[in-house]
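Read top to bottom, the protein sequences are chains A and B. The number in my numbering is simply the position in the first sequence, starting from 1, with 1 added. The number in my numbering is simply the position in the second sequence, starting from 1, with 12 added.
Warning: the hint list may mix true and false statements.
[As the list claims (entries may be wrong)] For each label pair, taking beta carbons as the anchor points, the in silico distance ranges come out as:
id, chain 1, residue 1, chain 2, residue 2, range
1, A, V20, B, R176, 52 to 58 Å
2, B, L111, A, P124, 54 to 60 Å
3, A, P318, B, R148, 52 to 58 Å
[To be verified] DSBU-like mimics (lysine-lysine), calculated; alpha carbons at most 30 Å apart, straight line:
id, chain 1, residue 1, chain 2, residue 2
4, B, K186, B, K216
5, B, K186, A, K250
6, B, K256, A, K250
7, B, K258, A, K250
8, B, K40, B, K258
9, A, K250, B, K216
10, B, K40, A, K250
11, B, K156, A, K237
12, A, K237, B, K40
Derived by calculation from the structure, the hints in this document are not laboratory data. For each residue, glycine too, the CB sits at the ideal point set by N, CA and C.
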Amino acid sequence: MRTLTARRVIGACAMLLGVLFVVVVISLRMGAFPLSVRDIVATLFNGVLGRRERIPSEFALVVFGLRLPRIALGILVGAALSTAGAGFQALLRNPLADPYVLGVSSGAALGAILSLIFIPHVPGAIQAAAFVGAAATITAVYFLGRRGGQLDSATLLLAGIVAASFLSAGIMFLMTTLPGRDLRGMAFWLMGDLSSPPPTQNVRAWFVFLFVVFAIAAGAIYLTASDLNLILTGEKEAQHLGVNVHRVKLVVYISASLLTGLAVSVSGAIGYIGLLVPHAMRMLFGNDYRLLIPTSALGGAIAIVVADTLARTVVAPTELPVGAMTALAGAPVFIYLLRRRVR
Amino acid sequence: MSSAAANPGSSLASASPVAKSAPPPRLKVEQVTYAYAAADRSAPNFSLSATSFQAQRQEIVAVLGPNASGKSTLLRLLAGVVGPLSGRIEIDGVGLGDLDLRTRAQRIALVQQESELLFPLRVWEFVLQGRYPYGRRLRFESDKDSLLTGNALAQVGADSFAGRWMNELSGGEKQRVILARALAQEPSLLLLDEPTQHLDVGGKVELLRRLRRLADEHRYTVIVVTHELNLAAEFSDRIVLLHKGKCLRVGSPVEVYDRGLLEQIFEAPLDVDIRPNGRPRVTLRGSE
């Protein structure tokens, strides 16, 4: 009997942070302008310590101006999607739940596009609209996924897939009727892509905003981790053990929708991360949500940074959307998990 | 209410062999009713009408009746899942409705058919969940929680397979583990919903012996919902007999096991005789 301790959680997180750092350094190295690992590490440390004058200006431009913002965006999106995935899996008591598979990402993307059409210049409107789109979609899928008053696993997944294809059609329609349509923009919303520059000049403030929203939503889910452990063994059992099931589900529902909306608003609908990463973390660290949520967030960050690095290097100088890479890895795993469950 | 309806005054309570005079009783159910309306305008459909009984420490109370007699409704009321339409339920003198969810889970543990486990869980992890009502937020389990989990596993004889996965257990083993989780809650009231349903005869007797021992040694009050007439007669101190949502009789097995009454309720020809230990035994009367 080895109970979970705070020490074990911190240890696992420290290990994953180390992996993330290595992955980030490797990703910073990849690209047209050559940089050595030594240059990168020195630049990063000087940057963190605020000693900007010690960094050669071309290094500063490449690292802080070009490559790091994209990596930071990847970290945010990966962490948000994985945390949302783990949250949806508990909320729906379905190990195959994922924002993309359930159509929630497509709903968020449609919401974001509608806000771009109707209220294009309001700050934060895209994020808010993406959140509303995500929340509305998960509500619809939840009710469509019920049979005889009970949530049915297969019906829920089918409802999600149908919702995703319906909403994607809506996105295509809006994109093609808009003036100045471009295929890259379409790929951004449908497949997920990290190549868009930040929408404002003040990049730092933009990232602070994104990470604060992430911290609030992910923190809210994390505070329910003990409750989610019990809800996973059964809702009525959890209620008898003193869990306020309705309140916990409401918190997770809002927070996971917010995380999905946040990720989709900056990167489009990147698929399967919310399925793949929590599953890998369950295999590595077990099913306890007090450990699963933080490790999934870090694992998601690692996964997206790796996937995006591959996406911009395997067919260089052309770039693939990062969503193509995650789908190449995620879809087979989804099929494997689905078949293992059916058996 | 029918003329046979129980009038559980102090006389019945003191008729119990282990009744204590110490007030207040562990569990007090007073004129509790429950009803639901099938549609908004239709007349309420009574699934339980005025039921009263009491239970003391160390007592086993069997709630007995055929299908659709209101047994499950009574258990749901006692567990606090639903509130009564009228009447009052008290635990150690405190109204059930006045307890918040966690405090209630520290007083009452419910053993019932479990939902299917979607993610694998080890036996000790499952039992450790019984400590949830004593934690706050993300608090990690203390040494005391581990100790009590170990004790609970030992009390049901499951310590030898504490490291196994839940979905690898047999029906009887799983039942014991679910009971262990309830014990880890350190409740004063232990509710069991048809606990013998999926057990063979040996398993049934073993379970009831275990409950008897737990009640005697650890001063639990045990409420068992069952339709096993003979097991109830053998192991319980008090019987609450329900039929079609009415509480027909409350008392010791000998007081409640009236041949005519049981035949009428269970709609079968029955014989009731008293065994040497003073407990009644019910047999199906053959057609010979």
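(request) Could you tell me which of the numbered hints above are not met by this structure, giving the numbers in increasing order? (result) Hint check: 1, 2, 6, 7, 9 and 10 fail, others pass.
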